[in-house]
Every structure is written in structure tokens, then in C-alpha cells.
Amino acid sequence: MQTSPELREGSGTAIAAESLYLVNLLLLPGIGFLILLFLWWRSRAEAPPLARAHLAQTVSGSVWAGILLVVANAAILLLGGYRGPHVWVVVITYFTFCHSMLVLFGAFGLSKAMAGQCWRYPLIGRTLPDGCGGT
Amino acid sequence: MQYKSQAVAKPYFIAAIGLFVGQILFGLIIGLQYVIGDFLFPEIPFNVARMVHTNLLIVWLLFGFMGAAYYLVPEEAERELVSPGLAILMFWIFLVAGALTILGYLLVPYSGLAEMTGNSLLPTMGREFLEQPTITKIGIVIVALAFLFNVGMTVLKGRKTVVSLVLLIGLTGLALLFLFAFYNPDNLVKDKFYWWWVVHLWVEGVWELILGSILAFVLIKTTGVDREVIEKWLYVIIAMTLITGIIGTGHHFYWIGTPEYWQWWGSIFSALEPIPFFMMTVFAFNMVNRRRRNHPNKAAVLWALGTAVMAFLGAGVWGFLHTLSPVNYYTHGSQITAAHGHMAFYGAYVMIVLTMISYAMPMLRGREAANSNRSQVLEMWSFWLMTVSIVFITLFLTGAGILQVYLQRYSADPLPFMVVQDKIALFYWMREVAGVMFLIGLLTYIASFFVGGKEPEAVVAATEGA
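Chains as they are written, first to last, in this note's numbering: chain A, 1 to 135; chain B, 1001 to 1466.
This is chain A alone, in the form it adopts within the complex (with noise of 0.2 Å):
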């Protein structure tokens, strides 16, 4: 569908939250998040409903990404280190399965932008904020 004029305004920063989103999880992990916390900090307040649905779906899964990495490797550890084929079957499968799936979740993400709509994150993204016309 195609959407109204004002809702495409704070589309510039939705893709740049998607973009920063895809770029911590694919090509500089860590770095992208900062930038994209930085952006979110500068924007919260007064960006455009697109913006601000945008920027809370990006953080919340960065956090969520980091959360998974970290619960994973810390089960790991405490039930026996990363020794034997069992346990880097379970890690392989794993990591793959989880990346790839925050990956989709930003390209949905990004083409959601690009076409200035606001788009939730299945189970891991924050509630849209008013103005996104429920969607």
C-alpha cells in the first residue's frame, strides 16, 4: 500500500535506523549499534511517528541480538564449554537460525521504510508509537 505524505515524513531516519540495524548485525557489529543508539538518542524526542516506530524497532532488536548471543554463550559455559560435536552442532544451527532471522527482520524493516509504513518486529519489536496508523 502506499501511504500518505505525512507519514513519509521521518522516512530519511527510518532508513538510516534500518540501514545501522543491518550494518551491527552483517558488517561492523558493535559500531553500527552505537551509531544507531546515538541516532535514536538525538531523535527520540521529536522525530516524525515513522522515525520514532523505526529507531525503537532497531534498538530493540540490537538488544534483543545481544541478549541471544549472550544467554547462548553463557548457557554454553556453564554446561560445559565449547567441547564436543554435539554442542557446536546446537552452536552452528543456533547462531545461524537467530542471524538470519534478525536479518530478515531488518530487511522487512528496511522495505518497510523505503515505502514509508511503520512495521513491528515479530516478538522481539516495541510497540508502534501513535500516528502509525496501527500497522
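No lab work stands behind these hints: they were computed from the structure. Glycine residues also receive a C-beta, built at the ideal position from the N, C-alpha and C atoms. A hint or two may mislead.
Chain A regions said to be covered by chain B (calculated; three or more residues, Cβ under 8 Å) [unchecked claim]: (1) 33-47; (2) 54-66; (3) 91-98.
Quick list of simulated restraints, FRET-style, between CB atoms [to be verified]: (4) B/Gly1224 - A/Ile67: 35 to 45 Å; (5) B/Pro1416 - A/His86: 15 to 25 Å; (6) A/Arg42 - B/Phe1392: 36 to 46 Å; (7) A/Gly80 - B/Arg1409: 48 to 58 Å; (8) A/Ile67 - B/Leu1103: 34 to 44 Å.
Chain A is already provided as a structure; the job is to place chain B on it using the hints.
Just chain B, lined up with the frame of chain A:
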């Protein structure tokens, strides 16, 4: 259907689906032979069943691509096909030649087939995926040339669009690169080197152009987004495909006796190969998000979006998983390769052919734009059954592959191949169960053609309008 000659696509699509069923049946047979070694032996040995499984895949996808081109090109060129009669003649030649080849695999010992078909005159047989007798390969070239003539002349005489030109470049590349199947040097390194020019440059090169153009065509038709926007995306996607895919061939040259620099070239460029697939995902979803109308053929839109996502996962993510040379040192030729192969072929090529069939078949069967709701619901069930099944097949094969690599190649005390095969049998059983689910999905897909035929066509509800 805007042009009468588009009807020639129908037999191609029907043959493609029929051969697809054959491919899956043989897949289930070899899946079972992994765990019950003498299943159907000596009637259908593993090597023969595997050859039939992979060759049927290639042949039915080619049928699908040809059908897609015969449907797409007249509409893009805004004129009838140059020769519908030639298209039908080539269909029968290709079908009969394909069927005879498969029967030959099944009924005659491979060496006898080579002797019977005069392989000694121009030896081309005996190489994975290119097992076809030389005479069949010559037949494929003739069919491909006639097909290219038909499609090419239609494009040249009619309106030239980016979609049809990219498709034509892809199809021409497909035909030209197949010629390397006739080059069979005695030197094993050279043999493998040029063998990849067919295999890799097909699936990670020119076939992606065909995929991109068909996806663009279906998205133009179903979303109503300006052609210019879609064409710009297509340009960038095919540029990235060729930039990464051509030198990315190097990821097959790591361990075959070629110079060491291929480990760098192959790693760097093939690590970039997920980019066009990622772009395809963003592209497809962006076009659907920006759509100007809701198309009544929801199943076709679902297949189109599914293609983008599954191609990214199968070809992009699972390809990247084992493409860097230090990783590939351990993983090459393991079940991780099989996992990647299954999801990539399904996501990129099976799904794009089914996207086109889903879009075109209602019109080819006399509908205005879409099947009835009931038929579409069943088709969408088949989408989810097949897609979820292939995800599980991939995950089980990935698990098997990781265990295999660890026990057989990584551990300080490596185990022999067959011992490891026993240890990963549970994964093979789970893969077989997922394979049966896939077959059920495929049968559901076929059933969707016979359900709701007399019911009215699906329409877009007023509230759904743009």
C-alpha cells in the same frame, strides 16, 4: 492472456510439474538408501537414483524457465511469439529426449549407456550433473538454440524492455555456458575447473538473471508499481550478481589443484554473493509494500515473496556458511554442502518457477487473473508445507554436516567415513520424514489445480483496494 501464443507455455509448465514429482520420489528413495543401504538394490542403485534425482531437477527447471519465457516474452514484447509451432515441436523433442535419457539411466548400466550412445566419439559423460549421454547434450543444444531463436526474434521484433533483455541475456548465457559440458580434458584439474563454468556460472550467475527478470515481471503485474522503479532495482541486482558471482567461482577452486590465490579471490567475492539475494528480498517486499493495487492472485504474490526470502536464506546465508576457504577446508563435500544445495535450489529456482506457474496458469486455463479462493487456499497450504519442509530438511542436513565434519575431519582422532555415517543416521531419518512432508506439500500443490475449478474467480475485496 493477452497473446494467443502464450498458450505454448502450458505444456512446458505441466511437464515441469510432472518431472518435479519424479525428482522428489527419487529424492525420497536416496534419502532412504542413506539409512537402509540396500533399499531397492540392485534394481535402483544409489548412484543411479541420485543421478535421476539431480538430472530431473535440472530438466524440470529448464522446462519451467522455457515455459516462463514463452509466457513472459510476448507480453513484454507486445507481440505474438515468432513461431509457436517451433516451441511446441521443441517441447516434444525435449520431453522425449529427457524421458529416454532417464529410462536409459534406469534400465541400462551407465557404462553400457555410454557405449550405446557413442560416447567414445566425443566423450562427455561421467561427470556429476553432466551425466547425460553426448547425444542428449547435443539435443539440449539444438533445443536451446531453437528456443533462443524463437524468444530472441520475438524480443528483437517487438518492444524491448529491461525485463525481457535481462531474461534474454540469462538464457543466452545458459546456452553458451552449457557448451563447456562438451569440453572434457584428460587433466583432472582442468576438467573440474571448466566443469564449474557450467555448474557454478549457471546457478550463481546466469540463472540468477533469469530469476531476477521473472520476479520483476511478476511484481510489475501483481503490484502495479511503475516499471521504471522495478527496472532500476533489476539493474542493480543483476550487476551485483555478476560482480560477485563470476569471480566467486573461485570458491570451487580451493582444493582442486589450482593456484593458491583462488583461496583469496574465491573467499572475498563469494562472501559478497549474498548481497544480490539480500537486495532481492528488500526489493520484493518494498514493491509489495508500495503496491498500487491488490492483485486477486494472492498465491502468486506469496510465491514471489517466498522466493526472495528462501533464496536469501538458502543461497545467501547457507552459501556464506561454508564459503570462506579456511572453513571450506573442513566442510567441502560434506552434508553442509547438501544442506545449502537443497535450500538454495528450492528457494531460488524451484520457487521462481512455481511463482510464474502460479501467476500464469490461471490465465492459461481461461481465467481472467486468478483461481478461485478455494484453489488458492490449497495452493498456499502447499507453499507452507513445502517451504517449512525444506527448512527442516536443511536444518537436519546442517546438523548432520556439522557432526560429520567434526567427527571425520576436525577431531584429533578422526573416524572413518562409514562409521560417521552411522553416527549421523538419526539426522538422515529426520530428513526423510521432512522429505515425506515435502511430497505431501507437492501433492497438495497439484491438487490445487483440480479444486474449485467451477467456483468463481477470486476478487479483491473493496476494503482491500488501494
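Starting from the hint list further up, note which numbers the structure goes against and sort them upward. 1, 2, 7 and 8
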